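For what it's worth, our numbering labels the leading residue of the sequence shown as 2, then goes sequentially.
FYI, nobody ran anything at the bench for these hints, they're computed from the structure. Being a predicted model, the structure only gives us computed values, none of them experimental. All clues given are correct.
Computed beta-carbon distance windows for the label pairs: (1) GLU19 to GLU60: 17 to 25 Å; (2) ALA14 to TYR55: 25 to 33 Å; (3) PRO4 to GLU49: 52 to 60 Å; (4) LEU7 to PRO73: 34 to 42 Å.
Virtual Cβ for every residue (Gly too), placed ideally from N, Cα, C.
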Amino acid sequence: MNPKELAREMAAARQRREEKTARQLREARAQAIRSGMRPGSSRAEVEERARCFYPRLNEVLLAEAIDIVCGPAKPTQPAPEPTLVDVPASL
Numbered sequence: 002m003n004p005k006e007l008a009r010e011m012a013a014a015r016q017r018r019e020e021k022t023a024r025q026l027r028e029a030r031a032q033a034i035r036s037g038m039r040p041g042s043s044r045a046e047v048e049e050r051a052r053c054f055y056p057r058l059n060e061v062l063l064a065e066a067i068d069i070v071c072g073p074a075k076p077t078q079p080a081p082e083p084t085l086v087d088v089p090a091s092l
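Could you put the whole structure together from the sequences, leaning on the hints where they help?
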């Protein structure tokens, strides 16, 4: 193994370790939040608990932890307008 290959392999290993560490931190935050919640808690309750546990965590990481616990927030979409359907006269 020449020095360039070694340097590339070391950089790749550092990258894998950083990704693994970040994933473990996300999972640990989510587990801590879950442990403080009762089953069936609303998203608002989860957000409140997460802010209590991690008051200085930046908003992106906090939202990520909340999404792991609750699942991604569903965007609110207006209900589709009902359409008129031709109903046979015999009904």
